[in-house]
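Peer 1: Taken in order, these protein sequences are the chains called A and B. The opening position of the first sequence corresponds to residue 12 in the working numbering, with each subsequent residue numbered one higher. The opening position of the second sequence corresponds to residue 196 in the working numbering, with each subsequent residue numbered one higher.
Any given hint might turn out to be false.
[What the hints assert, rightly or not] Below, a list of computed lysine to any residue pairs in the SDA-like style, where the Cα atoms sit at most 25 Å apart:
no., chain 1, residue 1, chain 2, residue 2
1, B, Lys224, A, Arg774
2, B, Lys224, A, Thr569
3, B, Lys612, B, Glu593
4, B, Lys224, A, Val597
[To be verified] Label pairs and their calculated CB-CB ranges:
no., chain 1, residue 1, chain 2, residue 2, range
5, B, Ser622, A, Thr842, 15 to 25 Å
6, B, Ser565, A, Asn859, 44 to 54 Å
7, A, Phe641, B, Asn361, 52 to 62 Å
8, A, Asn262, B, Asn513, 33 to 43 Å
9, A, Val776, B, Ser622, 47 to 57 Å
10, B, Ala628, A, Ala397, 41 to 51 Å
11, B, Thr572, A, Asn859, 42 to 52 Å
12, A, Gln322, B, Asn222, 46 to 56 Å
Please keep in mind that the hints were generated in silico from the structure rather than gathered at the bench. This one's a predicted model, so the numbers in the text were calculated from it and none came from an experiment. By construction, the Cβ of each residue, glycine as well, lies at the ideal position given by its N, Cα and C atoms.
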Amino acid sequence: MFLAFVPGLMLMAQSKSISGVVTEAANGLTMPGVTVMVKGTTNGTVTNIDGQFSLQVDEADETLVFSFVGMATQEIPMVGKTVFNVAMADDAVAVEEVVVTAYGSKGKVGLKGAITTVSAKELEQVPVATFDQMLQGKTTGLAISSGSGQPGASAKVRIRGTSSITGGSAPLYIMDGTPISAGDFANLNANDFENVVVLKDAAATSIYGSRASNGVILITTKRGQAGDTRINYRYQAGVSVKTQDNFELMNSSEKLWFEEYAKKGVGWDLSPLNPVNAGLSSALLGQHETELNRLRGINTNWQDAFVRNGQTQSHEINLSGGNEKTKFYMAYQNYTQEGLAQRSDLMRHTGRLNLDHEVSKKIRVGVSTTFSYASNSTIESEGGIALANPFAAMYLANTYEELYKPDGSYNRGFYKFPSNDERNFANENDYQSFALTGPNAYDRILNMSSTGENTKFVGVFNAEWDILPGLTAKTQYGIDYRQGQGERYVSPDAFESENASDEASNREGYISESTSRRIETTFTNTLDYKKLIADKHILGVLVGSEYTDRYNQSFGFTGYGLNSKLPESMASITPGTSTNNFIPGVGGGESQRRLFSLFAILNYTLNDKYSFSGSIRRDGSSAFGENNQFAMLYSGGFIWDISREGFMEGVHWVNNLKLRASYGTTGNQGVGDFESLTVWGTPSYNGTPGIGLAGSGDPDIKWEIGHKANLGIDYNLFNNRLNGSVDVYNNITSDLFLVQSLSSTAGVPGDAKRVNAGEMRNRGVELLVNYDIIRNRNFTWSVNGNISYNDNEILDLGQVDEFESGTSIVREGLPLNSHYIPEWAGVNPATGDPMYYAEDGSVTSDFNKAAWVAKFGTSEAPINGGFGSALKYKGFDLSASFTYAYGYSRLNNESFFQENHNFAQYNMSRKMLDIWQKPGDITEIQRLGTERQITSKDIEDSSFLRLRNVQLAYRVPTELLKHSGFIQSIRVYGQAQNLLTWTSWSGFDPEDSNNIATYEYPAARTYSIGVDVAF
Amino acid sequence: MKRIFKYTWLVLVVASFMACDSKLNLNPKDSIIDEDAFQSIEDVQDGMIGVYASLNAHTVVAISSRASDDLRLSAQNRGQGIAIHNWEFTASVGEFYSMWRDMYHTIDRANRMLEVAAKFDVEDQRIKQVMGECYFIRAYCHFELMRAYTMNFDAADAMGVPFMANSVISNPVRDSQTEVYTNVKADLQEAIALMNDEFTSNIATEIAANALMARVALYERNYDDAIAYASTVIDQSGMRLANIDEVEKIWDDAFALNEKAEVIFKLSRVEGSPALGNIFSDASNGELYFSPSNDLQNQYTADDVRADVYFGVNSQSNETVNKHDGKGVGPNIVDLKALRLSEVFLIRAEAYIMKNMLTEGAEDLNNLRSTRISMPTAAPDSDQATALAFLQEERRRELAYEGHRYIDLKRWGLGIKRLPEDTELASGIELEAGDFRFVFPIPQNEMFANDNMEQNKGYN
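With the sequences and hints as input, model every part of the structure.
Peer 2: This is the structure we're talking about:
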């Protein structure tokens, strides 16, 4: 492999002819389109439809390189041979060490460390819109939890645990060398990705400096290969359905009984037991009973009303190819996905063009660009405890409410039944009325909307110049541009508009438009040098500079007084006057930050056995205080390739065994852009703007520092059948951003300021295993699994040793997000009172005496992972993958409403039928008239195992396609996503991105079929 | 061609390494940086507007009204102010924190502007005016804190609150009441000396400073000063009481800002401002949190115009507090009247009565009553106890829902006994005179952040 660095030999060439056939190792079928190159030259070809190739080569040429997307590249020595029959195998069993080429795209100076790769194959055609969700369970050290089933929603991604309390814990995402924003992944097509690499330890991440504390995710997109143009067309269609739920709600007669018992709602108002009805005539009482019977007979299934089967469809075409000087990859995709809930969907167009061109032997240029447009529609109050949220309304709506009126039109407003005393149907006040939960939430689907459009462009332009043998200069300019447009519309005919109680505050509907732009540009320059000395020392040095500028701007307006004849149009806004209350609201703002960095990487390898790598980076950030504007971050790593030692020569079952050790520092710069400055705003008094204090800055605020230590082993054993890695790590974040409370007398807005104090530790073990159980010509069977254990502990909190945050506590000695809540001690059988444990361990019914304790674990799962298996038989391909999270719990805020007699106006869990009624009742449901408190009763184990994906694919035999003359391969498949979930969690979905269940949009189960055709 | 390309590149690359760190000195565009904020006297005047913008005295009105015997819980209340109404006072009840914070933050804004103003020509009349207004605001806020968080001036070992004379991040101890009173009075003297003699009711003025002096003196039991400063306002300032036909105008904010009628100092509120009337009802849907207590409504005679103006009935036939129901820029939005001439009359009357000058006291009360009641009975002047009791009733009638009642009861050493018909929904029925809850707890946040802060008696 050192030959690449020997300057080209100037020999007069003698040529010879070589040929061969390339087959796929897994099934023995011939492979068209494989690139065959003579190493170190531009001489090469591509196999034809029968997998054959022939090539004229120089006698002096030594190595042939066979490459194909998704397959392990093979280098075959040519000495003395003219026929080469090569079997290509999947990347997965590649023995190559993963070398991440941060800042050195041609791999001269690489970083080696705790790195795992997810290849294209695992991301392609997964029926979700965002790639972060696809990564779930794929590799070690990654904990990914999706917080929402809204199409296009991003997940919460943590690499080796949460490393910051207030500074943000999302990883840094780098695509083709330029940082991209975390969050608008719905605008990216993961089918364009060649691989996704997760950088975990200091040796791998430290070079990314002050943004790398939370780990780095590197995305590399596909590039063209020289040879015939390859065209792929892909189609996928699917349907999303609701997953199984784990709760039971009352039916109408149960609910009406409960209302009567709880003395609340329609069931009580019409009850003969209600003293208000005592003096009524039997005729009136009979009317009440008739009405109650009518209601008992209605059993609206509100889930059916709000949930639908969503259609998903994707068309994609990509072309790649080129010649030795110019290569291209271009792709277009149209993706549409309907959400489970009505009024929620995503549609996107994405285009990509990646181009590489050799200006001369020494100068290369390239671009990687993607442009996309995505539009989406979202539900009301997503993930909110609000009756407007359809996923709350479907639980909380009484089943005796009806979606349609008798005349077939949509119902809304109030349930009304003439009250007892007056029988005047014309007088609105003489009705007993209850707001209709289900129909009023449904009215929001009909008469309101919330939509967004995102336009995103990511472009990376680079040029490389081999100045001297071994010395390359590289310049890169990257831009991540996103423009978002949001629209909120409330029709003047919406119930919300009509029901505004105060005439003055009814603004007859409104339409809100907002625009936001985010532009991040990165200009990188590196000098990269590598030298082989005395055949055994390899020295590599890279120095570089990087300048990053991020700019955010947003503005918007809200107009009122909409004309209902011009639906959802900005033209329907009534101009505001001083009297009509329609004066539009306007607003906007902008912010900016910059980062300027200088960095260097040093690599030294001795005898191919011992490698040392070191990096140092100096980051200056505009966001930090003038007293602490620059950070120096460094790392050192050591790799010992044991399998190359002499004493391993006889050990044939070991193909590769490497020991890795690293230590270093990284930073987290998650503070506000101008948090270090004292700034003044323009508050108004009596309508006149003045100047008033807006922020009291701290010039000392600086980086959080992550100290990361890692020890790992990479192994390939038994003829590469068993491979994987083991890592242990100990990461300590120091100078944690913590919020220090201040005396109000200091006048600091918020009575708090962020300081650098405290420490938190994440330590853990990661295990990755792939095993090929059967590997022969026609049949392969492999299994894979990974498990990551992360132990988080807060070591020091500076000013305090704990602070509460809602039902969680941040306390020294505990993991982050530990639940903190009084412990439930059941219901007193004698009195029906709720009981709690007090400080001294005794049982009390007085909630004020209950002890708040942190003994119910944390909402951050310490154990995460996935496993799967793949079977291949001839053209058939069957795979299944599971993901799991274990050892965590969440607070079910939904049961606080569903199992609470004080909310009896809404539908209840059937558990409430067990309410304590008389002394001696043994139940978990406290009596009427007691206050329902949130206690440990509401904390539920959220551990789950999920059959994430099952896929069956069939590749049409190449022989059959030969006759078509132009179709090279056809693959058809069917798959199911989120097929099964095993959990004790009650509710729709145990998986969530936070500690509290608040009627989140659940993940859907998706069935899809697709076809991939290559031309 | 390629050579040009290479050299251009080389220059670019070298330049990128040299790029200087000064590019990192970015300034926000949405807010004004410290150095740019105050460059002219006009900027300083704008800074004064910022001080008024920060002044929010709603919470004291809310607490004093809800904790007193002037309100009755409504069935539509979903928790708004119920803990206060039932005297379930703990250091973590939010209202105690908001009031504390709002006052100290405004004090800090005034202190910052005093520092800024001192850098300009302190002989310039505009700078003098700003400084005078800052001293007034600083005194006003400190005194509001004293009224809420401390025992009566004459109570044994009564602690004051920290007096903040500078903008500084520190953990101050509680100053003695004497120190705070001394500093507040000094600030007001300073304000009177610095301010011009123009009058605008929504900014601090010399008249307002004198009126506040009278109020401070009354709390200090310094009745001579109370009479002196009240007399300055009543007899020399040109202020007049609203007459009987104008009482409604006070609460609709219908007097012009420069009209010396009734309102001495108020905080202007416009569309979008905090709504004072939200103490009693929800501006967005009209839901009622509190109705006026029967006890209070019983205090008015049928010919008392105040009852018509202060109370009402809504569309659902519930009794409502109409005193702060809005000035026409949105429901419940109304100027907060901080100092009124009628209070100054009541201060002087009380001071006279305390000095046993019952005739003078009755005269002040009669003057006030004649502008409120069409056929007023004469105020009693036979004995001090009767006169004082009558004054206390009149003060309750006149100043209801203006942040006085609960604090007056503390000052007078009286308790609360709510009527049965006012407590159907409330658990707080009786609060004995001298109960520790007449003094509010120092908020939890302050106790937590400031190790030198001492909690009030009865709270832990």
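Peer 1: Could you run down the list of hints and mark each one as holding or not?
Peer 2: How the hints compare with the structure:
1. Restraint check for B:Lys224 and A:Arg774: not satisfied, since their Cα atoms lie roughly 42 Å apart, outside the 25 Å limit.
2. Of the supplied pair hints, the one linking B:Lys224 and A:Thr569 holds, its CA atoms being roughly 23 Å apart against a limit of 25 Å.
3. Pair hint B:Lys612 plus B:Glu593 holds up; C-alpha atoms about 20 Å apart against a cutoff of 25 Å.
4. Restraint check: the Cα-Cα separation between B:Lys224 and A:Val597 comes to about 17 Å, which is no more than 25 Å; the hinted pair holds.
5. Between B:Ser622 and A:Thr842 the C-beta distance comes to about 20 Å, which sits within the given range of 15 to 25 Å.
6. For the pair B:Ser565 and A:Asn859, the beta carbons lie near 52 Å from each other, so the given range of 44 to 54 Å is met.
7. Taking the beta carbon of each, A:Phe641 and B:Asn361 are about 33 Å apart, not inside 52 to 62 Å as hinted.
8. Taken as a hint, the range 33 to 43 Å holds for the pair A:Asn262 and B:Asn513, whose Cβ atoms sit roughly 37 Å apart.
9. Roughly 56 Å separates the CB atoms of A:Val776 and B:Ser622, a value that falls within the hinted 47 to 57 Å.
10. Checked against the hint of 41 to 51 Å, the C-beta distance between B:Ala628 and A:Ala397 comes to roughly 46 Å, which is consistent with it.
11. Against the hinted window of 42 to 52 Å, the Cβ-Cβ separation of B:Thr572 and A:Asn859 comes to about 49 Å, which satisfies the hint.
12. One distance hint, 46 to 56 Å for the beta-carbon pair A:Gln322 and B:Asn222, holds here, with the actual separation near 50 Å.
The structure fails to meet hints 1, 7 from the earlier list, while all remaining hints are met.
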